[in-house]
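These protein sequence lines are chains A, B and C, in that order. Each residue of the first sequence is one higher than the last, beginning at 1 in this note's numbering. Each residue of the second sequence is one higher than the last, beginning at 1001 in this note's numbering. Each residue of the third sequence is one higher than the last, beginning at 2001 in this note's numbering.
There may be inaccurate statements among the hints.
To be verified - Within a straight-line C-alpha distance of at most 30 angstroms, the following computed BS3-like cross-link-like pairs (lysine-lysine) qualify: (1) C:2007 x A:165; (2) C:2120 x A:165; (3) C:2314 x C:2300; (4) C:2104 x A:165; (5) C:2113 x A:161; (6) C:2130 x A:261; (7) A:165 x C:2314; (8) C:2272 x A:165; (9) C:2308 x C:2272; (10) A:101 x C:2020; (11) A:165 x C:2113.
These are calculated hints, taken from the structure and not from any lab test. Since the structure is predicted, the reported quantities are computational estimates derived from the model, not experimental observations.
Spelled out from the first residue to the last, the chains are:
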Amino acid sequence: MQSTKSKVIYTVLAWTIAGLIFFPIFWTILTSFKTESEAIASSPSLFMFDWTLVNYQDVLSRSPYFLHFSNSIIIAVGSSILGLMIAIPAAWSMAFAQTPKTKHLLMWMLSTKMLPPVGVLIPIYLLFRDFGLLDTRIGLVIVMTLINLPIIVWMLFTYFKEIPKDILESARVDGASLSQEIIYVLMPIALPGIASTLLLNIILAWNEAFWTLILTAADAAPLTAFIASYSSPEGLFYAKLSAASAMAIAPILVMGWFSQKQLVRGLSFGAVK
Amino acid sequence: MSTLHSRSLARVALVPAVALLIVWMIVPLCMTIYYSVIDYNLLVPGDNEFIGFLNYEFFLTDPAFTESFYNTLLLVGGVLFITIAGGIGLAVLLDQAMYGQNYVRLLILAPFFVMPTVSALVWKNMFMNPVNGLFAHFAVFLGLEPIDFFSQFPLLSVIIIVSWQWLPFATLILLTSIQSLDREQLEAAELDGAGPFSKFFYMVLPHLSRAITAVILIETIFLLSIFAEIFVTTSGGPGYASTNITYLIYTQSLLQFDVGMASAGGVVAVVIANLVAIVLMRLIGKNLEG
Amino acid sequence: MGSIHLKQVTKSFDDVEVIKPIDLEIRNGEFMVFVGPSGCGKSTLLRIISGLEDTTSGNIEIDGQDATHLAPGKRGLAMVFQSYALYPHMSVRNNIAFPLKRAKMGKSEIEKKVDEAAKKLNLVDYLDRKPSQLSGGQRQRVAIGRAIVRQPSAFLFDEPLSNLDASLRVNMRLEISELHKSLNTTMVYVTHDQVEAMTMADRIAVFNKGVIEQVGSPLELYQNPKNIFVAGFIGSPKMNFIKTTKQNDVKVATIGVRPEHITVADGDFIWKGKIGVVEHLGSESFLHVTLHDGTGLTVKASGDTPLKYGDTVKLTVNDDKVFYFDDSGLNISDSVSNLHQVFFD
C-alpha cells in the first residue's frame, strides 16, 4: 500500500530521530573508550581518537565496582525470585479460583504500588536503623520484593488467565494433588510467562533509585547508588564515569530489548493489548 | 473448580502476598501518621510529645513547601506533555512502513532501561556542563554563550532528563495501541476520501484515548515521586528551585532530621497522590475499563 | 464395578438453585446420556459426579461407597472434556501416561498400558508428537486414551464432540459406541444434541432447568414421552403441537403429532392447509404447512414428492400416533381413546 518513496522518507526520519534519542547512550559508550582529556575536548571526535581501555581498568581496579555490581545482581535477582515464590500461589488463586472479590483484591494490590514512597520513608528508615538492616543486602531485597510484588502478581495473573482451566481440572481428575497440579502442569505451561515476569522484575529492581539510594552506604549499595557517588567528583572523570555507566547499564539494555511486550503487559495494567 | 477444598486452598494461597502487602502499607503508614503528630527531631533527644497538627502547620506554611508544590506540578505536567506529544508522534511514525523498523524501535526504547542515576549524571556532565559539556561546545561553535543549565534552568533541566527517560514508555504503550487499530477501518476511511490528517484526528486519536489515559495515569503516579535525578544533579537547588515534594520531605527527614515535620509532609504527599489519582480517574475514568 | 447412585443431590450457586433434588441410578456398564438445552444443569451434574464441584446437599455413591466428599482423583472415574484438555507441553505418550504416574505405577507397566491404549485408538504413530501437532480427531482420541488407561469404574464425557466438524462427529460417535461395547464400562455422556443421545445411549436422562424430566431408553422416550418437554425434545424434526380450544372433560389442552406420522390424505382428512417451504433432503422431504387458522405443521413426505410451494394439501394421522397433553404438559394419552374426533370440525 505504501510506496517505496514514502518508505524511504519515513526510514530517514525515523532513523534520525532514533539516532538523536539514542545519542546520549551512544556517546557514553564511546566516551568510555577515550582518555579524560579527549572526553572533555571542545571539538569532540566521533571515532578518530586513541581508543583505550584504561577507564575500565581504573574503575574495576581502583573502586569497589565489582562489589556494587554483585550487589545489584543479588538484590535484583534475589528480590525477583522471592517475589515469584510469594506471587505464584496468589496469582494461581486469583486466576483459577476467582471470586467476586478477586478484581477488588487485584486493584488494591496495585494501589499499594501507587503509594508515594515518601509516605513511608521515615518509618522504614527508622525501622531499618533499629533492626540493623540499614546498608544490608537482605534489607534491600526485602524492600524490592515488597514494592514490586503487586506487579509480579498482576503479570502472573494475566499469564495464568490465558491457560484454560480445564487442563488443570483434568489433572485433578487424573489424580494429581494440588502441588503436583502446579508443578507438573501449571508451571511448565506458564514457564514463558514466569520467565517474562522474572525478566521485567529484574529490570525494575536493578534500576530502582529511591530506596537503593537512601537505605544503603558502602556495603550494600548497588550500582544505582555507587554511580550516584560520581556526582561529587574530584577532577576530570567523564571517561571513567562513562566506563562505570556503560557497565552498569549494559546488562539491562540487553534484557530490555527482549522484554518490550512484557513491559507493556506489566506496566499498562490492561489498558492496551 | 469450586469445591470446598479447593476454595479454602485458594484462600490460603493468597495469604502471604496479601499479608505482606498489608504490613508493608498499613504499618509504616500508621507510623508516619503517628510521627506526624509528635515532636520528633533525630538530633534533639526529647520527650517526643504530642503536638497535634503543629507539624502540618509548619510544613504547609513553609515557603519551601509552596515552591516544591509548584515545582512538582511543573515537573509532572512538563514531562507528561513532552512524553505524550512526543509519544504520539513517534508512535504514528513507527507505525509506518520503513526499513529496519525493529532496530529503530530498540534505539528509541533504550533510554527507559538506563538507570536514573546514570542518565542524570550523563546529561549533567557530558551534555549540560557549561564548560565541558557537548551543548557548551556546540554553543561555542556557534559563537554563543554556553548555558549553565543547572544554575539557570534547574527544574527545566530535570524535566529534560526525566522526559528523555519516559518518552520510550509512552511511545511503546501508544504504539501498541495504534497497532491494535483495525486496518480495515482505516482502509474504508481512505476509500471514503479521508486524507492522512482526517484519518489521524477522527480515527487514530480517539482509538488512542484509552492508551493516553493509561499513560497519563501511570506516568503521573511515578513522576510524583521523582527523586534520583534531583538527588544526583541539583540536590534540589539552587535554593528550592528544583525541589519537588518528594525531595523536600527527604531533605527534611534525613538531612535536617526533623522527623515530625517530614512525617507530616509524608502524609500530605500521600493525600496529594490520592487526590490526583481520584481527580484523574474521575476526569478520564470513563476511558479506562478495568 | 461402575454403578453410580445419586441421592437427593442439589446444587446452588449463591442462592440460585441450579439443580433441584435429583435421584438417579446409573447402572453398571450402561451408556447413560444426559441431554437437555443449555443451562439445564447436565454439565454441572457431571462435574458433581466427577468431584470437580461439591454438592450443596445429597449423596453420591460409587459402587456402593459414599463418594460425596472424595477428591476427584480418588473416585476411580475418568473424564473427557469438551476441549480435550490435553497437556500441551507433554507428548501424546506422556499425556496418556500422566494419570498412571500420579498413581505411582511402575515404569514398565506404564509403558505397557500406554502402548495398549495407543494401539486400541490408532495413536501408535503419534506417540511422540505434541498436541499442537495433532488434528481435532486425533486429540479427541488422546483424551480418550488418557481416560482408558486408568481402567476407571466409569467414563464421564462432557460434550466431547461439540468441537468437531460434522462428518468427524459422525465417525467419532461410532468409535465411542464401539469403545463402549468392547470395554463394557459405564459411560456417562453429556450432550445437547439429541441425535447423539438417541444413537448412543442405553438410557437417556432428559434435563430441564435443573430437573430430570424423564429417564428411559431412547425408544421409550420416543414412544412414551412423559410430558410436552420430552416429547418436543426427542425426535427430529420436532413434534407438532396443536392447542385445542374446545372444552372437554378429559382435560386435554394440547395435541402432539410427529411429522413422520402425518400422511397426505387420499380420502378422509383431518387438516387442510397451504404448503409453504418444502425442504428436500433426497431420502425424504419436509413440508411446512399452514392451516386455515394459522397453525403451522411440519409433515414428512417422500423424497420424490411432487408437492411444492403454494399447493393445497389434505392431511391425516393414525389415531394411535397422537399424543394428548393436559394444561400442565403431562402426557395423558392413556386416558384418552379415540376422542380426537371430538376436537375437530
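Verification of the hints:
no. : hint            : verdict
1   : C:2007 x A:165  : holds (29 angstroms)
2   : C:2120 x A:165  : holds (29 angstroms)
3   : C:2314 x C:2300 : holds (13 angstroms)
4   : C:2104 x A:165  : holds (25 angstroms)
5   : C:2113 x A:161  : violated (34 angstroms)
6   : C:2130 x A:261  : holds (26 angstroms)
7   : A:165 x C:2314  : violated (56 angstroms)
8   : C:2272 x A:165  : violated (55 angstroms)
9   : C:2308 x C:2272 : holds (15 angstroms)
10  : A:101 x C:2020  : holds (28 angstroms)
11  : A:165 x C:2113  : holds (27 angstroms)
Hints 5, 7 and 8, counting from the list given before, are not met by this structure.
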